[in-house]
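Please construct the entire structure, taking both the sequences and the accompanying hints into account.
Chains as they are written, first to last, in the working numbering: chain A, 2 to 310; chain B, 21 to 447; chain C, 62 to 239.
Derived from the structure by calculation, the hints contain no laboratory data. Bear in mind the structure is a predicted one, so any value in this text is a computation, not a measurement. For glycine and all other residues, C-beta sits at the position ideal for the given N, C-alpha and C. Errors might be hidden in some of the hints.
[As the list claims (entries may be wrong)] Taking beta-carbon pairs under 10 Å as the criterion, some of the chain A residues facing chain B (in silico): (1) Q14; (2) I167; (3) H169; (4) R174; (5) D233.
[As the list claims (entries may be wrong)] Here are the simulated DSSO-like cross-link-like pairs (lysine-lysine), alpha carbons at most 27 Å apart as the crow flies: (6) B:K223 - A:K228; (7) B:K26 - A:K125; (8) B:K162 - B:K190; (9) B:K406 - B:K361; (10) B:K174 - B:K289; (11) A:K125 - B:K331; (12) B:K49 - B:K289; (13) A:K182 - B:K266; (14) A:K186 - B:K411; (15) B:K440 - B:K52; (16) A:K182 - B:K289; (17) B:K26 - B:K406; (18) B:K304 - B:K266; (19) A:K234 - B:K223; (20) A:K182 - A:K6; (21) B:K406 - B:K304; (22) A:K150 - A:K234; (23) B:K162 - B:K174; (24) B:K411 - A:K125; (25) B:K405 - B:K68; (26) A:K213 - A:K186; (27) B:K289 - A:K6; (28) A:K234 - B:K174.
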Amino acid sequence: MTQWKHQHLLGLQDLTAEDIELVLDTAQSFKEVSSRDIKKVPALRGKTVVMLFFEPSTRTRVSFELAAKRLSADTLNIAASVSSTTKGETLLDTARNIEAMNVDLMVVRHGTSGAPFILAQGLKCSVVNAGDGCREHPTQALLDLFTLKEKFGRIKGLRVGIVGDILHSRVARSNIWGLTKLGAKVTVCGPATLMPRGIEAMGVEVCYDIRKLIKNSDALITLRLQKERQQDKFLPSLREYGRLFGINREKLAEGSDELIVMHPGPTNRGVELSAEVADGKQSVILDQVTNGVAVRMAVLYLVLGKHDM
Amino acid sequence: MGLLIKNAMIVNADKIWDTRQDILCEAGKIVKIAASIAPDGHQIIDAKGKKVLPGLIDIHVHLRQPGCEDKETIETGSKAAAKGGFTTIMCMPNTTPVIDNAMVVEFIRREAQRVGLVNVYPIGAITKAQNDQELTDMAELKSAGCLALSDDGKAVLNSRLFRLAMEYAKMLDLLLIEHCQDPCLSAGGVMNEGEVSTLLGLKGDPAIAETVIVARDIEIALYLNARVHLAHMSLKRSVDLIRAAKAQGIQVTAEACPHHFTLTDADVKSFDTSMKVNPPLRAKEDVEAIQQGIADGTIDCIVTDHAPHTKEDKEVGFDAAPFGLTGLETSLGLTITQLVKPGVITLSQMAERMSAAPARIVGLGGKGRIQEGKDADLTIIDPDKKWTVTKEGFVSKSVNSPFIGRTLSGRVEYTVCGGKIVYAPVA
Amino acid sequence: MPSVQIMDQDAIRRAVLRMAHEILEKGGVKDLALIGIRTRGVVLAERLRTAIKGIEGKDVPGGTLDITLYRDDLTLVGPKPVVRETLIDFDITDKRIVLADDVFFTGRTIRAALDALVDFGRPALIQLAVLIDRGHRELPIRADFVGKNIPTAKSQNVRVFLGESDGQSDHVDVQGAV
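Quick look at the structure:
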């Protein structure tokens, strides 16, 4: 098996297929830990993990926090406001101040693409990207891959559709990297106004017909649609979005019974997914949440090795 | 006592002299060019092995003063210009306050004279406070010393207002310089829209934001039979539009910056905020088209769009960082390295694009050519000298250069402005 | 590096059979369960279970323990060792657990295994079965069932090869000079 060589996890763009497989295999072991009565192992005893979030997030932060705690690391949450990092104090200053308290790892979420790169270049501690701008959200994609592998036993050859606001989605980009590296066939589907220019260069196909996509997919990763997109004029209305790209029982019935529906949460019920689909037997949304903890445990464990040898 | 430059290989836009000449400068003018001039107690520069060009002129610089003296001042900007080989610079009006009245123009000219290094010509605003609402008192600005007007930093978006500005400026024989960008189309974009912005998840600024304004301004210039100068062209499509317009005799001139003929949007992958400029770094085919446009004269002149920003301003992540890079001190090196050495243009053409053409466009008749009777503005360079751009090497207040670490060919040896040495090698 | 073979296939087979008898003598099959430490301890545990079934005709529960996350040198090693699954699908509380490992050396692996085991419940008794005891303990731990005691120098390397895990015929050798 390959060895992990990365001090940071900034995105799936930087990982090889073998690296990704290693995270998924390691996560498999950690999933067992979370199912025990005593859900804690001493692997990261004495390590300090800081969650530095410049954007509000409950799900991702809690998932990382549980992951760190189940590995016996000490955790600290910092909800940083972007305003404290404008004039005077730079992003790196903020992070260096925290690092100076002997922190071993920072989990960073920031509204700007590339912010974790700036931190990784300027800090000695490990940096794990918990979402940067519209660029990457690597642990979300890893947990999606884990869930797909759990359901289908493989990634290679799977036909995966990613549905929604591709333009603004870091989840989409990370999933495209991960899925294509592991040999899945990826199709992106959403309104043309929310389809980024040149997306085909990432090795995906573009489709604007959700019914066609459903008929030809093994799994659908649906994306959260931010309500602001309507104000930004990308969409005539959420209602129209739901009509064209929302997934309900009737549309889903045109696909295979084995088709699974995923969503990174939180779901806008009635927009991306109807309630009966979100709660239906083809939905694996809660499995994704469970697997998120295991995958993040694996990432924290691997990244916190020594890399200077 | 004058300044005597011995053994000069003179490079003018129209000709490179094939024998060494001596150039005598007295009272700010070139008084004599001859094979051998007696020293006669003059201050002497031996230019043996070097090339002597007419002083470089940059008609697109941001000096930040008044208002943002932490980024640059007229003094530090003048030093940077002199070090970069420029003897004349024109500063854009997007200061605080905006250069939209005679008082601000006079302040800048007085301060530049006090510093006493290079010629500084303020560019006045087209609209008051650059608000895209009311025209400035253009005649007053002209009489205060403005050679050109611009709302640089943004376009005059109101097309009727721009038409009126062009008519009025034509009456006064003032040049209008347009920053071609439709902000509605840019929509907060921070880099070129395309495969790379898609990959990086950064907001894209589409090519059409530039080209629709280029096309509009060409149409207005044609309609009014007036002239317009298009700032920092970055796209193949813009070059094509300008080439076609010029072929029809429309009075359009254009400029481009070294970064737009050197870097591509793929360089943004490093997330180095020095790569964040407006207009953004474009695709490879655009870089090639800009080079071609400079070669065939579609692009008339090379400017730096020198836009200094402090480290604190830039170290805030790609979205929040301001646009702009510091350019005065790397422009000549980049032009020689990217254009002259690979044979895209000759040294003479460089003298045309960096001195003669800008002088002609803004109407500086005494500049742009080494000739008896002209201003004694000279740039003495060693085009083969290699040097490496370092943070420490900048004399500008800001070091937001994407070229740090690059080795360039072509270094300024002496800058002579008004017959006075304003930059000379330290050792 | 020169190596000397010290056990062959037959010797290993006999040692495992004897250890199975000893485990039964010390408490029968009541509440007995065998847990192997990855990787070769798992093979040893399986062989002991098979031997016990051969003697008593009864299946006893078996499990697999990966002690990676409990190692006391995790912060020192790098890159991080690969973690594999722990598989214990029965409740160990009040059981008599026999932990199995191939080579018993410093005792640190067993210390980690004990820590790991108590996270799964509270056994009535934990005993230790090892194929080779080579000495040089760094912790106050001893084995209850030993296949063979081999005096070694600390610098030497004891290598155990078992068909199931190593794809070659069973043998044990010692590498390096005394």
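We went through each hint and held it up to the structure:
1. A hinted interface residue such as A:Q14 counts as satisfied when its beta carbon comes closer than 10 Å to some beta carbon of chain B; here the least separation is about 8 Å, so the hint holds.
2. Here the hint on A:I167 is kept, as its CB sits about 9 Å from the closest CB of chain B, short of 10 Å.
3. With its C-beta approaching chain B no nearer than about 8 Å, A:H169 sits inside the 10 Å limit, and its interface hint holds.
4. Hint on A:R174 holds. Least Cβ distance to chain B is approximately 6 Å, under the 10 Å limit.
5. Interface hint status for A:D233: upheld, as the beta-carbon distance to the closest one in chain B is roughly 8 Å, under 10 Å.
6. Straight-line distance between C-alpha atoms of B:K223 and A:K228 comes to about 18 Å, which keeps the hinted pair within the 27 Å bound.
7. At most 27 Å may separate the alpha-carbon atoms for a hinted pair to count; B:K26 and A:K125 exceed this at roughly 55 Å.
8. At most 27 Å may separate the alpha-carbon atoms for a hinted pair to count; B:K162 and B:K190 meet this at roughly 12 Å.
9. Note on B:K406 and B:K361: the hinted pairing holds, with a Cα-Cα distance of about 12 Å set against a maximum of 27 Å.
10. Of the supplied pair hints, the one linking B:K174 and B:K289 holds, its CA atoms being roughly 26 Å apart against a limit of 27 Å.
11. Distance check on the hinted pair: A:K125 and B:K331 sit about 21 Å apart at the alpha-carbon level, within 27 Å; holds.
12. Of the pairs offered as hints, the one joining B:K49 and B:K289 is violated, with about 48 Å between alpha carbons and a cut-off of 27 Å exceeded.
13. As the CA atoms of A:K182 and B:K266 are separated by approximately 50 Å, the hinted pair breaks the 27 Å bound.
14. Distance restraint check for A:K186 and B:K411: the Cα-Cα separation of roughly 46 Å exceeds the 27 Å cut-off, and the hinted pair is therefore not satisfied.
15. At most 27 Å may separate the alpha-carbon atoms for a hinted pair to count; B:K440 and B:K52 meet this at roughly 16 Å.
16. For the proposed pair A:K182 and B:K289, the alpha carbon gap of about 20 Å is at most 27 Å, so the pair holds.
17. A threshold of 27 Å between alpha carbons decides the hint, and for B:K26 with B:K406 the separation of about 23 Å falls inside it, so the pair holds.
18. Simply put, B:K304 and B:K266 have alpha-carbon atoms about 24 Å apart, close enough for the 27 Å limit, and the pair holds.
19. For the proposed pair A:K234 and B:K223, the alpha carbon gap of about 16 Å is at most 27 Å, so the pair holds.
20. With a C-alpha separation of about 18 Å, the suggested pair A:K182 and A:K6 falls inside the 27 Å cut-off, and the hint holds.
21. Between the alpha carbons of B:K406 and B:K304 the distance comes to roughly 25 Å, so the proposed pair stays at or under 27 Å and holds.
22. Taken as a hint, the A:K150 and A:K234 pair is broken in the structure, with Cα atoms around 38 Å apart against an allowance of 27 Å.
23. Simply put, B:K162 and B:K174 have alpha-carbon atoms about 21 Å apart, close enough for the 27 Å limit, and the pair holds.
24. Restraint check: the Cα-Cα separation between B:K411 and A:K125 comes to about 23 Å, which is no more than 27 Å; the hinted pair holds.
25. Restraint check for B:K405 and B:K68: satisfied, since their Cα atoms lie roughly 14 Å apart, inside the 27 Å limit.
26. The suggested pairing of A:K213 with A:K186 holds, with an alpha-carbon distance near 15 Å, which does not exceed 27 Å.
27. Of the pairs offered as hints, the one joining B:K289 and A:K6 holds, with about 22 Å between alpha carbons and a cut-off of 27 Å not exceeded.
28. Using a Cα cut-off of 27 Å, the hinted pair A:K234 and B:K174 holds, with the two alpha carbons roughly 23 Å apart.
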